[in-house]
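**Q** Listed below, chain by chain, are the residues.
There are 2 protein chains.
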Amino acid sequence: MAVYTDVSTDDLARFLTRYDIGELLSYKGIAEGVENSNFLVHTSKGYFILTLYEKRVAEGDLPFFIGLMEHLAARGLNCPQPVKTKDGAALGVLAGRPAAIVTFLDGLWIRKPGVGHCAAVGEALAKLHLAGGDFAMKRPNALSVESWRPLFEHAGPRGDTVRPELCNEIVGELDVLEKSWPRGLPQGVIHADLFPDNVFFLGDRLSGLIDFYFACTDTLVYDVAICLNCWCFEPDHSFNVTKGRALLKAYQAVRPLSKAECDALPVLARGAAMRFLLTRLVDWLAVPEGALVKPKDPLEYYRKLRFHQSVTSARDYGLN
Amino acid sequence: MAVYTDVSTDDLARFLTRYDIGELLSYKGIAEGVENSNFLVHTSKGYFILTLYEKRVAEGDLPFFIGLMEHLAARGLNCPQPVKTKDGAALGVLAGRPAAIVTFLDGLWIRKPGVGHCAAVGEALAKLHLAGGDFAMKRPNALSVESWRPLFEHAGPRGDTVRPELCNEIVGELDVLEKSWPRGLPQGVIHADLFPDNVFFLGDRLSGLIDFYFACTDTLVYDVAICLNCWCFEPDHSFNVTKGRALLKAYQAVRPLSKAECDALPVLARGAAMRFLLTRLVDWLAVPEGALVKPKDPLEYYRKLRFHQSVTSARDYGLN
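Chains as they are written, first to last, in this note's numbering: chain X, 1 to 320; chain R, 1 to 320.
Source of the hints: derived by calculation from the structure; they are not laboratory data.
Here the structure is a predicted model, which is why all the values come from computation and not from measurement.
All residues carry an ideal CB built from backbone N, CA and C; glycine is no exception.
Watch out, some of these pointers could steer you wrong.
To be verified - Sample of chain R residues at the chain X side, in silico, Cβ under 10 Å:
(1) T9
(2) D20
(3) L24
(4) S26
(5) N38
(6) F39
(7) Y47
(8) W109
(9) R111
(10) G203
Here chain X stands alone, though its shape is the one from the complex (with noise of 0.2 Å):
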């Protein structure tokens, strides 16, 4: 939930002048994203999403999100497009931050991913990583591996207030990624955030993915050991195999994983469970005692984490 930003009827009609969208009839904060301020927009001539990008989001950064959703949504990908200015702006000021407008795609995020959403997801993401490889600008991953030691270090001793040893524990696992890190593996575009909440189906169909605030130049294969952490484990964290078959079978049916691919699958989900176990934990200890908003729980990340421990090739999670 984020609305961080309180903006004026009389700015946003303001802004509004600059695009060729029509008169405001309304707006609401949405309660979506964790990163930004979200504006559900009505005007004469449909309904918009107006984004404020609020400090978490690095200004610098944002030529590369608006311009990816513009080249991925230019090759078919349904996902937000970005509405330009009359002067062919993407990128305004509203109420003191960076701000941009974007279509508005209907459809309906899954609480509870089945077989077939998974499958669902393996074949958008596959098509994305194609879409985006003459991407041409770049942006490095400042949430992979290199980063993992440093963020667990601003968490400090306390994480062992969440779960005793915790802190050994990720040490040791750390100390594991960093040497067996693979590198080489074929590069691109990649979502790196692709959970549920940002994967809008109508019916059984995939109707769009959104939310690309994390996007950035990295791995693919890691896209895909992101989505198994995200997309096929059951409520009680344990892994549905069922699930991991479909999505990598989809993905793997519009681009083929090669061996090497293949055999970093478990060292890069555990760097995955890895990356959200730590954020999380950042973001639980952040948090002051007795505050309205609970952030997400870290230690469904240790478990997954546990699990692909326990890996002993990628066949353990449906590769055929």
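Got chain X sorted already, so can you dock chain R onto it with the hints?
**A** Below, chain R without anything else, positioned relative to chain X:
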């Protein structure tokens, strides 16, 4: 801002099958209202607002609120209109909470109301009072003069942490209000919370009134006193008599005030300031240190109260 309850797609889709409003296409939690969870729902037949009533709203009061919106909408007042199920029910249960669907109203709320907006609100308020005249249900005002001392005692001596001597001043004012509170003035349905964020405009035209969840049966002119408090002060807490005059004149053009009602206006305005001072004080003191959500400043209404204490007659509000 408020989305307290998450609703799953499956649960919502099942809930909607009871209605004749088409297929679910999307829904977003919206940052609106402070008492309930609200969602903007898009179906194949249009846009609607779904409200889940959280525990701050007494379930027994819901038929009054829903019935009132229906009654007012039927009399041409622009307010959200409850949508009934195929069985004719306006209230259901979703995610374990009482839930209702109402029509979506376009419109924008005015952050900095001008004289014209105040006149429009005065007129709309009088029309609401007339339209409510034959509404059969009754609901006592749970936040009227009898409730203020218990509410204050609930906040306790910690009030002085907000401003030195605040508690003494409140006790003194409560003594005055309890003794001089007017009885026997015309009663009826009042909105009781017609703040700028509950009034929509499209251009200069008032396009709708929302949020009837404090509505009750009480002294009609008390509603006018509430509006003087929340529409006619400047950001520096000075009273703008031009705005007061515009609001009162437009109100009286639809529903003239009797001499007794005019005479009672100053003490009712003091009471209205006290009511918002007290509820804001309770909310302010209830929020833990360091919380992300900042409640509204109670001292805004302390300063307004000080103004009303200096008023000698309703002429000071602009009444001719």
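**Q** For each hint, tell me whether it holds in the structure or not.
**A** Hint-by-hint comparison with the structure:
1. Here the hint on R/T9 is kept, as its CB sits about 4 Å from the closest CB of chain X, short of 10 Å.
2. Here the hint on R/D20 is broken, as its CB sits about 19 Å from the closest CB of chain X, past 10 Å.
3. Checking R/L24 against chain X by beta carbon gives a least distance of about 7 Å; that is within 10 Å, so the hint holds.
4. Of the supplied interface hints, the one on R/S26 holds, with its beta-carbon coming within about 5 Å of a beta-carbon of chain X, less than 10 Å.
5. Checking R/N38 against chain X by beta carbon gives a least distance of about 9 Å; that is within 10 Å, so the hint holds.
6. Below 10 Å, beta-carbon pairs count as interface contacts, and R/F39 has one with chain X at about 9 Å; its hint therefore holds.
7. With its C-beta approaching chain X no nearer than about 8 Å, R/Y47 sits inside the 10 Å limit, and its interface hint holds.
8. Hint status for R/W109 relative to chain X: holds, with the closest Cβ pair at about 7 Å, below 10 Å.
9. Proximity of R/R111 to chain X holds as hinted, the smallest CB-CB distance being about 4 Å (cut-off 10 Å).
10. Because the smallest distance between the Cβ of R/G203 and any Cβ of chain X comes to about 9 Å, under 10 Å, the interface hint for this residue holds.
Violated hint: 2 only; the structure is consistent with all others.
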